[in-house]
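Enquirer: The residues making up each chain are set out below.
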Amino acid sequence: MPAHRPRISIVSELRQSLVASVWFMFLTFPIMVIRVNTIENTIEWRWRNMVLIGLGTFFLSFIWRFFLRRREAGRKKAEGGETQRLTLTRRIIAAREVRRPSLVAVGAFVLLFPFLFSTYQTNIMITALIYVMLGLGLNIVVGVAGLLDLGYVAFYAVGAYAYALLNHHYGLGFYSVLPLGALLGLTFGVLLGFPVLRLRGDYLAIVTLGFGEIIRLILENWNEFSQGPSGIAGIDRPGLFGLDLDLDLAMKYLYYLMVVMVLFTIFVVNRLQNSRIGRAWLALREDEIACQAMGIDKHKTKLTAFGLGATWAGMAGVIFAAKTTFVNPASFTFMESAIILSIVVMGGMGSIVGVTLAAFVLMLLPEYLRAFSEYRMLLFGACLVLMMVFRPGGLIQKVQRHYEFHDQGPAGRD
Amino acid sequence: MFLGGLTRGSIYALIALGYTMVYGIIELINFAHGEIYMIGAFTALIIASVLTVYGLNALAVLVLAAGAAVIYSAAYGFTMEKIAYKPLRRAPRLSALISAIGMSIFLQNYVLLAQTSDFLPFPALIPELKFWRPYSHLISSAELVIVVTTIAAMVGLNILIKFTKMGKAMRATAQDKDMALLLGVNVNRVISQTFIIGSSMAALGGILIASHVGQINFYIGFIAGIKAFTAAVLGGIGSVPGAALGGLVLGLTESFATGYVSSDYEDVFAFILLVLILIFRPEGILGRSTAQKV
Numbered sequence: 001m002p003a004h005r006p007r008i009s010i011v012s013e014l015r016q017s018l019v020a021s022v023w024f025m026f027l028t029f030p031i032m033v034i035r036v037n038t039i040e041n042t043i044e045w046r047w048r049n050m051v052l053i054g055l056g057t058f059f060l061s062f063i064w065r066f067f068l069r070r071r072e073a074g075r076k077k078a079e080g081g082e083t084q085r086l087t088l089t090r091r092i093i094a095a096r097e098v099r100r101p102s103l104v105a106v107g108a109f110v111l112l113f114p115f116l117f118s119t120y121q122t123n124i125m126i127t128a129l130i131y132v133m134l135g136l137g138l139n140i141v142v143g144v145a146g147l148l149d150l151g152y153v154a155f156y157a158v159g160a161y162a163y164a165l166l167n168h169h170y171g172l173g174f175y176s177v178l179p180l181g182a183l184l185g186l187t188f189g190v191l192l193g194f195p196v197l198r199l200r201g202d203y204l205a206i207v208t209l210g211f212g213e214i215i216r217l218i219l220e221n222w223n224e225f226s227q228g229p230s231g232i233a234g235i236d237r238p239g240l241f242g243l244d245l246d247l248d249l250a251m252k253y254l255y256y257l258m259v260v261m262v263l264f265t266i267f268v269v270n271r272l273q274n275s276r277i278g279r280a281w282l283a284l285r286e287d288e289i290a291c292q293a294m295g296i297d298k299h300k301t302k303l304t305a306f307g308l309g310a311t312w313a314g315m316a317g318v319i320f321a322a323k324t325t326f327v328n329p330a331s332f333t334f335m336e337s338a339i340i341l342s343i344v345v346m347g348g349m350g351s352i353v354g355v356t357l358a359a360f361v362l363m364l365l366p367e368y369l370r371a372f373s374e375y376r377m378l379l380f381g382a383c384l385v386l387m388m389v390f391r392p393g394g395l396i397q398k399v400q401r402h403y404e405f406h407d408q409g410p411a412g413r414d
Numbered sequence: 001m002f003l004g005g006l007t008r009g010s011i012y013a014l015i016a017l018g019y020t021m022v023y024g025i026i027e028l029i030n031f032a033h034g035e036i037y038m039i040g041a042f043t044a045l046i047i048a049s050v051l052t053v054y055g056l057n058a059l060a061v062l063v064l065a066a067g068a069a070v071i072y073s074a075a076y077g078f079t080m081e082k083i084a085y086k087p088l089r090r091a092p093r094l095s096a097l098i099s100a101i102g103m104s105i106f107l108q109n110y111v112l113l114a115q116t117s118d119f120l121p122f123p124a125l126i127p128e129l130k131f132w133r134p135y136s137h138l139i140s141s142a143e144l145v146i147v148v149t150t151i152a153a154m155v156g157l158n159i160l161i162k163f164t165k166m167g168k169a170m171r172a173t174a175q176d177k178d179m180a181l182l183l184g185v186n187v188n189r190v191i192s193q194t195f196i197i198g199s200s201m202a203a204l205g206g207i208l209i210a211s212h213v214g215q216i217n218f219y220i221g222f223i224a225g226i227k228a229f230t231a232a233v234l235g236g237i238g239s240v241p242g243a244a245l246g247g248l249v250l251g252l253t254e255s256f257a258t259g260y261v262s263s264d265y266e267d268v269f270a271f272i273l274l275v276l277i278l279i280f281r282p283e284g285i286l287g288r289s290t291a292q293k294v
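These protein sequences, in sequence, are chains A and B.
First residue of the first sequence: 1, per the numbering used here; consecutive thereafter.
First residue of the second sequence: 1, per the numbering used here; consecutive thereafter.
With the rest of the complex left out, here is chain B (with noise of 0.2 Å):
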């Protein structure tokens, strides 16, 4: 029940990232996130499927596809930003609150016509590793391909964001939009690295979790999502490492309480979760919380 939790919070941490990100630079609840995890899942499955009718080995299936999801992911969350959001920069925050509820409507449509509303069996793309074998019947290989690629991904991105250039320029860009500019940022080109940055994650989340649970269909993203965004609030959004201990935190609630409550109510769960914390702790676990000045 433990590891279960573990599995399922990487993955909620791997989304949240996006949301935390994006919010912390320009303040936005990027509705339509969740919409991006599910095309990257839905990516994956289909070059996965054409690849293995033309009859290529698992690992380059696995790397193909893998790779074809990050970057179609990448490139809707970057074109998303461009038409819903970039137009509405200064408008007031629910005006680009409701135009990021229409992208998700939109998103999820889209996918629906064009392809099916039937759930798709998502094949096994996660290979099983031998040397693991001796350990399965403590954490499944495929569950540990989970955890670890969520902990790399966490690093990197913590490396990414403290120590270079461009994680620079997007810290600044967070504390004061205007300043950087004058000091120099290209401000547009950094919210759209945090828009690729944070759909790549998402996309990797959605491939580990589709084939780990085996199948997916349009609106996979809408649940996803919200808990994903619960994640980011809890852990404190703004804050990277908050998305992860969020993420952890939500996994385990939810499989213990579907473990000892109920599995009929698995998502009420995580609902109550984020009301309650929003009620009593809006600035989350590591955040910081901020008086509103005049």
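Bound-form chain A, shown alone (with noise of 0.2 Å):
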């Protein structure tokens, strides 16, 4: 429908992208311009920040109002009923040609990787692999069941201290203490769960966030039981029956290990969305009130999503803590909570392969790219904004199942 498109005028345009960058050009200029040292009181005028500035707000403004328009035109086709098309992405990852090949090579790599890289890079990966397994647990909650939880990081921080307590105090193994951990996130999950689940959507974020910081702060101010900031060291390693491994073969081993737990991860999540729960979960995210009526317990299949999510970060926290060896409050602020948001956002809520991709980009790429490490939280926050405006369905947006009503029967036709 060509006649629907809306005129687009150079100078306008042009207008439009100035004024915008005039306008931060005032807006940062005490920030980012002036830099007072308030000790020697001198001042640092920095006008090469404005005139970037300038031109940077001159050129993004542009790209701004293109993809809004484009955002606009998409709805409008969608509302006119012309049906979604799959994406490129999507339809690549759906072809059985291109799939069993890529997954075999996937494999190959993921199996060999500690060998063909140090132990250094092994490390990262290590990480990494944990931000897959802590995504894809929240990925339960927000993504799935539709309950923003802001303070995941909390059964995080519970199944971290609670190998570093149990191993320092009581010489408790990993393999012992895994499923404790797991236990223990899955108590305080449903612990914290059954009062705030009655709340409205965003009531929930805010609680769970100030639940988390509570779980903060009193881990850095009862010296007593948690050694307060100073933290825990010298947490053991898992062990491999008894053997003893050094620095290099250890974490080769939690690697290893790390795989496996996210293979598990996968295959529940998985078998999860599909099952009665799952669904469950889904429509309670789509509308709580039509749930209801169908039959769903509300409070039950909340508490369950909640539950899980936080076994898993449960787990997660005793997988950290036995791969650093040292645990301390500031590995658990609001920040990291932030950070997995982020993958599940950037995941495309609810999409398991979404999430873990989201995971491996947004942990891998500030270790790689040192220079751009110092900017990561401002791109983060930057990229949670442009992907709820542009792009709410995520990098790979996950297909609904669609099921339709064919009506056949004699009253169907006049």
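Just so you know, these hints were derived from the structure itself, not from any lab.
Accuracy of the hints is not assured; some may be wrong.
If you anchor each label on the Cβ, the simulated ranges turn out as follows [as the list claims (entries may be wrong)]:
hint	chain 1	residue 1	chain 2	residue 2	range
1	B	Leu113	A	Phe67	21 to 31 Å
2	A	Arg65	B	Gly259	46 to 56 Å
3	A	Thr119	B	Gly259	44 to 54 Å
4	B	Lys165	A	Ser9	31 to 41 Å
5	A	Gly74	B	Thr79	43 to 53 Å
6	B	Ile151	A	Arg279	27 to 37 Å
7	A	Gln121	B	Thr79	35 to 45 Å
No residue lacks a Cβ here, since even glycine has one placed at the ideal position from N, Cα and C.
Join these two chains into a complex; the hints should help.
Expert: Rendered as structure tokens:
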């Protein structure tokens, strides 16, 4: 329908960009341009920043408006009843002839990774895998069941501290604490979930945030229990049948352990999504009231999602403590929750492949682009906003299952 | 202790206003509101330092720095709404909230990278009032200024909402956005105005508390934001007198709890209070509960 296309005049475009650029130069003036040294009482003027902001905004505002227009056009099309086309990435993933060889290649790469690269690289990979696990766990809560949990890191802290304390005081090993950590995560999840899941979505977000901060503040201040901000050091790495492993081997072993854990997580989450309870979560996310009318126990369903998510965080916490052999409260700030949330959002709420990929991208990029790691959180923040505005479905959009009803009865025709 | 709580409470109330007004109108928890307050404090610090270096007298510095902080905070609030919230007007609530969290992280790191991660000493901008000296053992003159400014701002805002045309438009939008639109209210403009007013209040709170506490860093907005949100919810979100009352109750609770229990857990009390209210009385002290309709 070319008639409906809005006319874009170059002059007005230029003017809009110019206005945006001048506005942002004004806006960022005190913070970007001036830097005061409060001790020596000197001022540093950084005019170059102003020029950069001006130019940057000028060009970015074109892109911004272009995407906004495209989004509007897409929305009109969707309203007009045109069916959603599958994106290219989606089609590649779905194609069988591409799928099998690529799976084999990825599998081989994953298996050989610790022998191809250094211990340092393996270490980074383990971290990334932990985040995959966390992302998939939070994905159950946020992505599938639609409960925004901003205090997810609290359960991660519970797991990590459970292993740290039990190992420190009673010398318990990794394998006995791993299920304990999961159990503790579950317990905390249910304990917290029980009172707060009655709340509406945005209140729930704030309460979970408050809960996360409470746990961190307690860990920081209760010195007799958690050794305060200095943390607990010298935690045992997981052993292999009592063999004495050196650092290199221990890391390799932990890596394989982590791969198994992630595969297990993917398996469980995948099975869950297609189960009765998984369908109930999805339904609850879409429409709570209709869901209740269909006879789904709202509280029980939400509580399972919350508890299961927390269980995974607890396990990831135990592994984290075993990997770093040191825990302190600084590892469990709100920013950590925000990173995990960005993984889920970037990955496209609810999609397993998406969340896994997003975890790798978000964790590995800053490691390999050192210059850029300073701007990591800045970009995370910007990403969250941009994703919500332009691609609320995430990088790899989940395809909703559609069930259509074809009426073929005698009353169907006139 | 009571007066300490009062001062603290006034500041929370000033910031809580922004939450309550925005929530009242577009039902969004503006997670980045605490960052606006932080930016207000930073702008005031920067402008005040520059002017002091150029040798202006104290009163001029105070007026200009406060003015700049209010204007800049308002401008940030306005821009933030245009970028992060306006495109999401029709999106699910969760999307807007995630966008707000993103904005909050972005602004924090923007200030961190452009300025510094250290605590900066904040000059005592509020001048010592001479006539108050005989009573200063009761309440210090800086604290007096904070409390009086807050009361003045609250009264002013209430008049604005109750008696002006703009206030009427705001109330109409809060009640029913589509109906207000049909009756000729420019809803987009009303929302912008709300953000501007809320942000200026936050800036005011930012200057007052920063010059009272004496230091700021990029992270102050996060905790202050959460506490102000607690205050807003405590008083009943969406209601302006509620924000004032909530701020006061929160300030006093914190002040007494740190005095009688332990100061290590200062922030924990606020969070516990928040969790308790949301569980037992989510509509707040002055709020009315509304049933959700299909």
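Enquirer: Does each hint hold? Answer for all of them.
Expert: Evaluated hints:
no., hint, in the structure
1, B:Leu113 - A:Phe67: 21 to 31 Å, "holds, 25 Å"
2, A:Arg65 - B:Gly259: 46 to 56 Å, "holds, 55 Å"
3, A:Thr119 - B:Gly259: 44 to 54 Å, "holds, 52 Å"
4, B:Lys165 - A:Ser9: 31 to 41 Å, "holds, 35 Å"
5, A:Gly74 - B:Thr79: 43 to 53 Å, "violated, 25 Å"
6, B:Ile151 - A:Arg279: 27 to 37 Å, "violated, 55 Å"
7, A:Gln121 - B:Thr79: 35 to 45 Å, "holds, 42 Å"
Checked against the numbered hints given earlier, this structure breaks hints 5 and 6; the rest are met.
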